[in-house]
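A.B. asks: Put together the whole structure using the sequences plus the hints.
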Amino acid sequence: MAELKNTITSVESTAKVTSTITESTNLNGTADVEKDGMKQTALTMSCSLTQNTVANIQTYVVNMDLFLANSQLVQAEVQKFREKATQVGKSLNCFVF
Numbered sequence: 000m001a002e003l004k005n006t007i008t009s010v011e012s013t014a015k016v017t018s019t020i021t022e023s024t025n026l027n028g029t030a031d032v033e034k035d036g037m038k039q040t041a042l043t044m045s046c047s048l049t050q051n052t053v054a055n056i057q058t059y060v061v062n063m064d065l066f067l068a069n070s071q072l073v074q075a076e077v078q079k080f081r082e083k084a085t086q087v088g089k090s091l092n093c094f095v096f
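Note that numbering that gives the first Met the number 0 gives residue 8 to position 9 of the sequence shown, counting from 1, and the numbers run on in steps of one.
Hints are computed from structural coordinates only; laboratory data are not their basis.
It is possible that part of the hints are untrue.
List of simulated lysine-lysine pairs, BS3-like, C-alpha gap at most 27 angstroms [what the hints assert, rightly or not]: (1) K79 <-> K38; (2) K79 <-> K89; (3) K83 <-> K34; (4) K89 <-> K34; (5) K38 <-> K89.
If you anchor each label on the Cβ, the simulated ranges turn out as follows [what the hints assert, rightly or not]: (6) T19 <-> N55: 19 to 29 angstroms; (7) T49 <-> A75: 18 to 28 angstroms; (8) K38 <-> Q74: 11 to 21 angstroms; (9) T52 <-> N27: 13 to 23 angstroms; (10) S12 <-> T49: 29 to 39 angstroms.
Each residue gets a CB set at the ideal place from its N, CA and C atoms; glycine is no exception.
C.D. replies: As structure tokens, this is what we get:
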């Protein structure tokens, strides 16, 4: 009767493990209109700033009538938000459109 012999050959390999760490910051804001003692949101704004990328500011009109009646003032608030996003983005090497 023949004997079966199993031979296991081990092959050593060296694995290379790396990691990538990416910094990011989220900014959120609102453009609010106060009229007759009541404060209402006309527009929301958000921006995700990620290291070494280009970021866009997203805007969403919450109250169209309020937005249209105060569009120039709301636009000024969006510009303030853009300036803040640009300032924060500089440390991340992130360009804000």
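A.B. asks: Please name the hints from earlier in the document that this structure breaks, with their numbers sorted from lowest to highest.
C.D. replies: 4 and 5
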